[in-house]
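Q: Listed below are the residues making up each chain.
There are 2 protein chains.
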Amino acid sequence: MAPRWKWKGAEAKALAEPIANSVSELQLSLAKTESSGSLSSCNVLLAVEPEQAELLDRCCFGRLVLSAEKGKKWIQLSFEEAFYLLYNLKCIKIYLQGRCLEKEVDTWMYMRSKRPKFPIFFKAYSHLRSKNWVLRSGLQFGVDFVVYRHHPSLVHSEYSVLVQSGDSNRLRAWSDVHCAVRLSGSVAKTLLTLHVSGNSNKEDLNLPLCLENYTVEEHTICRWSPELSREDEIMKP
Amino acid sequence: MAPRWKWKGAEAKALAEPIANSVSELQLSLAKTESSGSLSSCNVLLAVEPEQAELLDRCCFGRLVLSAEKGKKWIQLSFEEAFYLLYNLKCIKIYLQGRCLEKEVDTWMYMRSKRPKFPIFFKAYSHLRSKNWVLRSGLQFGVDFVVYRHHPSLVHSEYSVLVQSGDSNRLRAWSDVHCAVRLSGSVAKTLLTLHVSGNSNKEDLNLPLCLENYTVEEHTICRWSPELSREDEIMKP
Numbered sequence: 001m002a003p004r005w006k007w008k009g010a011e012a013k014a015l016a017e018p019i020a021n022s023v024s025e026l027q028l029s030l031a032k033t034e035s036s037g038s039l040s041s042c043n044v045l046l047a048v049e050p051e052q053a054e055l056l057d058r059c060c061f062g063r064l065v066l067s068a069e070k071g072k073k074w075i076q077l078s079f080e081e082a083f084y085l086l087y088n089l090k091c092i093k094i095y096l097q098g099r100c101l102e103k104e105v106d107t108w109m110y111m112r113s114k115r116p117k118f119p120i121f122f123k124a125y126s127h128l129r130s131k132n133w134v135l136r137s138g139l140q141f142g143v144d145f146v147v148y149r150h151h152p153s154l155v156h157s158e159y160s161v162l163v164q165s166g167d168s169n170r171l172r173a174w175s176d177v178h179c180a181v182r183l184s185g186s187v188a189k190t191l192l193t194l195h196v197s198g199n200s201n202k203e204d205l206n207l208p209l210c211l212e213n214y215t216v217e218e219h220t221i222c223r224w225s226p227e228l229s230r231e232d233e234i235m236k237p
Numbered sequence: 001m002a003p004r005w006k007w008k009g010a011e012a013k014a015l016a017e018p019i020a021n022s023v024s025e026l027q028l029s030l031a032k033t034e035s036s037g038s039l040s041s042c043n044v045l046l047a048v049e050p051e052q053a054e055l056l057d058r059c060c061f062g063r064l065v066l067s068a069e070k071g072k073k074w075i076q077l078s079f080e081e082a083f084y085l086l087y088n089l090k091c092i093k094i095y096l097q098g099r100c101l102e103k104e105v106d107t108w109m110y111m112r113s114k115r116p117k118f119p120i121f122f123k124a125y126s127h128l129r130s131k132n133w134v135l136r137s138g139l140q141f142g143v144d145f146v147v148y149r150h151h152p153s154l155v156h157s158e159y160s161v162l163v164q165s166g167d168s169n170r171l172r173a174w175s176d177v178h179c180a181v182r183l184s185g186s187v188a189k190t191l192l193t194l195h196v197s198g199n200s201n202k203e204d205l206n207l208p209l210c211l212e213n214y215t216v217e218e219h220t221i222c223r224w225s226p227e228l229s230r231e232d233e234i235m236k237p
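Chains as they are written, first to last, in the UniProt record's numbering: chain A, 1 to 237; chain B, 1 to 237.
Isolated chain A (complex conformation) (with noise of 0.2 Å):
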């Protein structure tokens, strides 16, 4: 399926302004300023600059919190999105009740502690995100994530995509399959499920460095119609 651009001139500024030149320029910026955020049962709130937050909203990096404070902006970011910018980007500081964590160990075995699963959607999404892909929560579509070529104003979204491990519960059935399948057909999107594995070795798991040994395999899953599939183009509809 090609992009679906949302207005015509998209597709140019998309290629004018690439992510990756945002997100250095948000890397840079962040880290002169050393901004930290505050850790809380399942996100994190960042605290930045005015124009660090434009440059937040343009990486598609979480979402702003309305306050009224003047000159300070409040950003929400999912564990995601802030281990990214702590570990793969080393632009931010993470606190918890104050106190900062300086060995990201720490904010990593945090994160596990409330979301078991955390290591393998980490590596999803930062498997996708070191690509340069913009990826938002699937929730209202039924999947983990769904992922955009370029930001959510220029461009919809082209992939949902379902995170799987060893013990994953999705896509086991087939009436589960094709319920997927068909869902992301009707919104105009390609499931693709990203398979995660390694790392047997419980132990392991205690360190970001287990994202090392992590194997992700790429999967899209489509229909096939005997009438689109034939050889013959004449008998194409």
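Treat the hints as calculated values from the structure; they're not laboratory data. Among the hints, erroneous ones may be present.
To be verified - Okay, derived cross-link-like pairs now, SDA-like style, lysine to any residue, Cα gap no bigger than 25 Å in a straight line:
(1) B/Lys117 x A/His178
(2) A/Lys117 x B/Trp174
(3) A/Lys117 x B/His178
(4) B/Lys114 x A/Val177
(5) A/Lys117 x B/Ser168
(6) B/Lys117 x A/Trp174
(7) A/Lys114 x B/Ser175
Claimed, not checked - Just so you have them, the derived chain A footprint on chain B, three or more residues with Cβ under 8 Å:
(8) 130–142
(9) 178–184
Everything numeric in this text was worked out from a predicted model, so none of it was measured. Ideal Cβ positions, reconstructed from N, Cα and C, are used throughout, including at glycine.
With chain A fixed as given, assemble chain B onto it according to the hints.
A: Then chain B, alone, in the frame of chain A:
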């Protein structure tokens, strides 16, 4: 959701010809001619007279198999449909490789051996069918059955049904629930789950009598929207 009739006058036609009456007529007719069906690995081929084929269609049992034979029609029944005609309506006989299975339990065991979940699915099927709902495969909507108030030529299906038992794989993950609810909504159906439970004793599964001990719990699942659910009528859109 109100039933969506397919054309003007369809509701009146449905009221004038209740499914229950057609089923009684079918039952009498098939019993009289001692109609017989042959088991194959996943369905049953039933040989009938042309007027019986028409009756089967009116009651929505099986699908006509195209054949050049004159004066005889072949109907392909699912295991659930065939066993319902055999066990609940007592109007057909079942053959396996040319030999009549005199006892219902032999057919039961054969179907169970081919599809371990058959008892659960048959309980769900017969539960709704005996209340004169019409059931069809829900394959294309990622569910087990779709359910019609009357013949599919008159009305759209109202419910998409997932059959659940203790060891079901569906609706375990939240994303799966979202997926099923959103897809059902987008095709104007209500998601209905039938939880079939009972018979922890494996021995009992060897007899169709175990059906008596099953209980079926019905739940519809739908999205809760705060805006649409306020008490204050004025606030409704």
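Q: For this structure, which hints from the list above don't hold up?
A: none
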